[in-house]
Amino acid sequence: MMADVWTIIWKEWKELLLSRGSKRGGVARLAIMVAVFGLFLPLQTGREWVTSPMVLVFWAWVPLILVVGVVADAFAGERERHTLETLLASRMPNRSILLGKVLAAVSYGWGLTMASLLVGLVAVNVAFGHGELLLYPAQVVVAGTALSFLAALLAASGGVLVSLRSPTVRQAAQTMSIAVVATVWVPAGIVSLLPRLFPNISALEVQAFLTDLNWTAALVVAGVVLAVVDAALLAAGLARFQRARLILD
Amino acid sequence: MNSLAIRTTGLSRHFGPVKAVDGLSLEVPAGTVFGFLGPNGSGKTTTIRLLLGLLEPTRGRAEVLGFDTLTQGDEVRARTGALLEHSGLYERLSAADNLEFYGRVWRLPAAERKARARELLTHMGLWERRGEQVGTWSRGMKQKLAVARALLHRPALIFLDEPTAGLDPVAAAALREDLAALVSREGVTVFLTTHNLAEAEKLCAQVGVIRQGRLLAVGSPDELRARTGGPRAEVVGHGFSEELLARLRARPEVVAAEVQNSHLIIELRSDADMAALVSFLVGAGAQVEEVRRGKASLEEVFLTLMEEEP
Chain S
1 MMADVWTIIW KEWKELLLSR GSKRGGVARL AIMVAVFGLF LPLQTGREWV TSPMVLVFWA
61 WVPLILVVGV VADAFAGERE RHTLETLLAS RMPNRSILLG KVLAAVSYGW GLTMASLLVG
121 LVAVNVAFGH GELLLYPAQV VVAGTALSFL AALLAASGGV LVSLRSPTVR QAAQTMSIAV
181 VATVWVPAGI VSLLPRLFPN ISALEVQAFL TDLNWTAALV VAGVVLAVVD AALLAAGLAR
241 FQRARLILD
Chain E
250 MNSLAIRTTG LSRHFGPVKA VDGLSLEVPA GTVFGFLGPN GSGKTTTIRL LLGLLEPTRG
310 RAEVLGFDTL TQGDEVRART GALLEHSGLY ERLSAADNLE FYGRVWRLPA AERKARAREL
370 LTHMGLWERR GEQVGTWSRG MKQKLAVARA LLHRPALIFL DEPTAGLDPV AAAALREDLA
430 ALVSREGVTV FLTTHNLAEA EKLCAQVGVI RQGRLLAVGS PDELRARTGG PRAEVVGHGF
490 SEELLARLRA RPEVVAAEVQ NSHLIIELRS DADMAALVSF LVGAGAQVEE VRRGKASLEE
550 VFLTLMEEEP
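Here the protein sequences line up with chains S and E, keeping their order. According to the numbering used here, the residues represented by the first sequence are 1 to 249, in order. According to the numbering used here, the residues represented by the second sequence are 250 to 559, in order.
Be aware that one or more of the hints could be misleading.
Incomplete in silico selection of chain E near chain S, CB under 7 Å [claimed, not checked]: (1) 335; (2) 341; (3) 370.
Simulated from the structure, these hints should not be mistaken for lab results. The C-beta atom is built at its ideal place from N, Cα and C for all residues, glycine as well.
With the sequences and hints as input, model every part of the structure.
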């Protein structure tokens, strides 16, 4: 099965690199993204880019945003360009097609994030190191690597699920945009409502809670929750991958 | 190997009240080119989707290369190739990359993928342009590439859904020629749907005619001609009076006779003696300048079938 999955990933990357008309244009697009996320942002942030645990936010959100940008095309794009039916008429198993699409999107989002973080590390050391070697804290590296992979997988699994049933790439992208906005703003809204919902809890108590929080355990819990959601979305994708329905839709 | 490439029994597929395919029973011998003829919306594409296991039948069953399409769709798809309604090519990729991708899909070893792609592209006259993005190509070139892709893994059976549709006559003729040569060289069974009856007549050993999901007739082009009409003669000349026509129609070897555009068209029984008939016409006062003997074209057969009551 892995050979089939790899074949789909190979094709997806080829199409991605050639989406601007030439391989040079595709590589340039990737380079610009790495420049923005790996040079511009770190140089704006300074030493804190490496030393602050807040970089975890970057590790988690950037792959999600990058994946959302490409995954809408997974099935809706094939349907729109009339290539889906021929692919489905081949011997390629359902599971390989789906996993290939998911992993191609993950490799794009996660790969670019990792590349950006490495470039950022070098850039911050060159600009702000002053002879001292600055490194991301080990815990941040482990947690960030895992969280960014799981975040990319979340966006890819959810995106493929949306793309499976969308007639056009535009519709898939719109649905995913709504999902991302909901994912970002709904939790933020809930947090902003907490003081009103629980007026008896003071800001000091909240601060004390956050200070006492076992962040390692919290990150592990977050990772496990993400992994479970990812697995559920992948399972849903596999269950909904029915050749007949895909063609008729 | 099973001597039948395709066998369907009462195969039906309904979409709500619409019977896209209705009780189709068909046998396609292995190693032949089978033409599936019918007007738009008659159920040709749905039939191909059913045979590839891409749609589930509402009723009936189909076997392709000995495998049940409902329960063994993977086996069917592993042994067949298809050029469907759309060419299905990745237009951002080059021709070589399109074949490379499908070569990997069919798990051809790397060396074989390259050799086979070269063989097919060379045969199609596309080898020199293999590095170009397919999106920049003409429709005729894309169709040729799609045929090459369908044959890449040497399938035992290929489905071609109107392969020359939308091509100009020159491109269509070129594709037909390539197709005929490849099919004969590769010994593959072909299930071909087409609107082009001359194409079917040229390529197909057997044809089936479908209308509103129902199979109206099946057989070789000659058999269909015999079914809807025997040999005929077209006489160019003058003096084809009503009296002469009446005497002509009374002759035992004549099935029907009428004048169309000053030409006398006579439908004959298969054992008709043409020389005696010409002597009769001359003796009856007609001036005969030219006599052409022939058979009804497949197009005439098709139109006759389409006009019959359902």
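Do the hints match the structure? See the list:
{"no.": "1", "hint": "335", "verdict": "holds (4 Å)"}
{"no.": "2", "hint": "341", "verdict": "holds (4 Å)"}
{"no.": "3", "hint": "370", "verdict": "violated (18 Å)"}
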